[in-house]
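This is what each chain is made of:
Protein chains: 2
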Amino acid sequence: MAYIQDIATHEGEQVTINGWLYNRRSSGKIHFLQVRDGSGFIQAVMSKATVGEEAFTQADHLSQETSLSVTGTVRADARARGGYEIDVISLEVHHEAHDFPITPKEHGVDFLLDRRHLWIRTPRQQAILRVRHEVINAVRDFFNQRDFILCDTPIFTPAACEGTTNLFPVQYFEDTTAYLTQSGQLYNEANAMALGRVYCFGPTFRAEKSKTRRHLTEFWMVEPEMAYANLEDVIELAEGLVEYVVGRALDRRAAELNVLERDTTRLEKVKAPFPRLSYDEAARILIDKGLPFQHGTDLGGTDETVLSDLYDRPVCVHRYPAAVKAFYMKPDPAQPDKALGVDVLAPEGYGEIIGGGERVADYDLLVQRIEEHKLPREAFEWYLDLRKYGSVPHAGFGMGIERVVGWICGLEHVRETIPYPRMLYRLYP
Amino acid sequence: MAYIQDIATHEGEQVTINGWLYNRRSSGKIHFLQVRDGSGFIQAVMSKATVGEEAFTQADHLSQETSLSVTGTVRADARARGGYEIDVISLEVHHEAHDFPITPKEHGVDFLLDRRHLWIRTPRQQAILRVRHEVINAVRDFFNQRDFILCDTPIFTPAACEGTTNLFPVQYFEDTTAYLTQSGQLYNEANAMALGRVYCFGPTFRAEKSKTRRHLTEFWMVEPEMAYANLEDVIELAEGLVEYVVGRALDRRAAELNVLERDTTRLEKVKAPFPRLSYDEAARILIDKGLPFQHGTDLGGTDETVLSDLYDRPVCVHRYPAAVKAFYMKPDPAQPDKALGVDVLAPEGYGEIIGGGERVADYDLLVQRIEEHKLPREAFEWYLDLRKYGSVPHAGFGMGIERVVGWICGLEHVRETIPYPRMLYRLYP
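From first to last, the protein sequence lines stand for chains S and E. Going by the working numbering, the first sequence opens with residue 1, and the numbers climb by one from there. Going by the working numbering, the second sequence opens with residue 1, and the numbers climb by one from there.
It should be emphasised that the hints constitute simulated quantities derived from the structure, not laboratory data. Each statement offered as a hint is correct.
Straight line, CA to CA, 30 Å or less: simulated BS3-like cross-link-like pairs of lysine-lysine: (1) E:Lys271 to E:Lys325; (2) E:Lys271 to E:Lys289; (3) E:Lys105 to S:Lys388; (4) E:Lys211 to E:Lys105; (5) E:Lys388 to S:Lys105; (6) E:Lys289 to E:Lys325.
Starting from the given sequences, assemble the full structure and let the hints guide the process.
Here's what the structure looks like:
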């Protein structure tokens, strides 16, 4: 038994591949069987002369996604994708598939999403999922190598910390309502006070009614947090992370990016340091370009697209108006109406992939901010404790995995970046 | 700036440690400051002769969890925990903590759980969280090294696949109810048909009203699934995983296990292969021991404790009655009333850490099992598709992370194995 991904180590040997038929074409005396086994795709060449009349005829009708085991000899062939083919000696059919609904022709996206459990068998979707695997593992390796401790933050949270509009409520046994986490950050801050440098990495939930190409209701986010750190530390960490993750995808998933026909020269330019724009500079650019942008408001999706189209690397937009950012963002001492925060926008119009900054460390200021934002103080008592017992400057950020995968793969919509996307009208399969 | 964990590389050098005061004792002319920075603990020795009268007196009143930076020279000292001390040259206080509630004395568990965000600063809780970090990363490395593809399964699931009793319902926008996942397995099976060998690793949810030392409502589970695999493959994979994870904890978290006073000789015995017991053999043992166990029923917590106390390694109990196991478990052809499933019980009375087996691959049998279990067929149409289009034998398992961490750390209760445990009456902080 061998896996297609390891086929080069079996040249000249007889192997058995357990897999599925992806495609087939035949001449009178030869079947060309495209076989996939989950680890790759390979062409198995079945000649009547070798397998005999009966076996050859049996293979005549084999249909897409029939499960089968192919035994044969591995032969190098420069013309073959992957460099090898298999000369079939025998073939065992396990289960015939009839009328597999996703043929190599074009299908509408709703048709495909309804059949997501089958759609993921196709080469393009497999390639995306392998890039996703690589991105996630690269992220974890990046933080582990820097001695960050993984500290999972809870999914069930007790209070609607930032207003209930975008939260999913859960009936928690008889009398309690829990809310699904939107971000692990507040807990991350407690963890950083304990363990210094931490990260959480899990699913997060937003009940936004946005139907855009950048939104899912359930998505994965990595969030590092560092004690004794400031905005500059956050920008450097974010730059290092993005450069590393893109580099890993280029290094280890070149074949998949090729399947996706991704222009990798664009990705090769993603090297730190990234250009930086203050919010004020960004606003001036947008206004100069004639966009209907109002200074003092948050950037919208279109604004991000325009800005991120200006550079061949991600761009760091920093010091947004404090008024448009979360209550826990530290004001810039040099201009207190600005927050010490940063958003990293991916190039090629992909927009925000990272948001973060330095947090308010002062107890009284944090109480004031909670009151200004009309938030329920009692829900934040534990969070205020972090400013009561040995408060320190600290900072961190969050990076959305699906947006990063979408950008690296060059996709139009994040719905293909996760095995089972959840959206406003999409909860199946 | 240096981290305590790297202090050995700075011997003889002057360093600054940014951290918190964990403990302090003083003689007339020397303060012994126990400083922690999240990466470790170290003793900083502050002598009046070196720092001068004023600085020395200022340090007189410093209280637990005050945040401070200590600058001084690193000196090897065989008597010191960790082998090094710091001779203080100067000390900067950032924020004084007053009356930190968790003192080195004993506290009740509810008191501590209410202050979980502060409790995690203590040496014992830090050690547990570091072991958890190691276990999770070891699990991921194990599967990545074997070319399994990480494939995240959804948290929001559309139907109550195995009955609603233990599910948390979520209001999904206006008219829909979603349920939080109990297991990624059904999706894993679809993913294995696409990618061959996959795993998912995320939070799972059970609304069980169990108040036992083994239950959380929110816990993390890793679930591998393999196409073209059977029960034997699952047992071997599970053995390999458990041996590897325990070995990593012993290798890389010896200091933490020492803090936890774990008897590591017990863990060193965890080498594959593990003893195996059929359900029938296990039942006989329990009945012979005079336990009130009824042949044909599932094992209870006490039964698992008794069985797992018999061996110095984990024990694999296989071929449970099909009637007590899930509908998707493949019947044993040799004895169709038994399921081709296995539970791995951790030793020292820790009980089940892994459950898995071979799945039903036959379409008609699966339809029949769904009907027998009175499950809503329409919810399983996509799952049935996997038996319609190139069905193959496949198998997998799930391993609960918190139980593994609890066992490796030698804890009495899983509530300490996760940063913010969620239980029947516990949703805060």
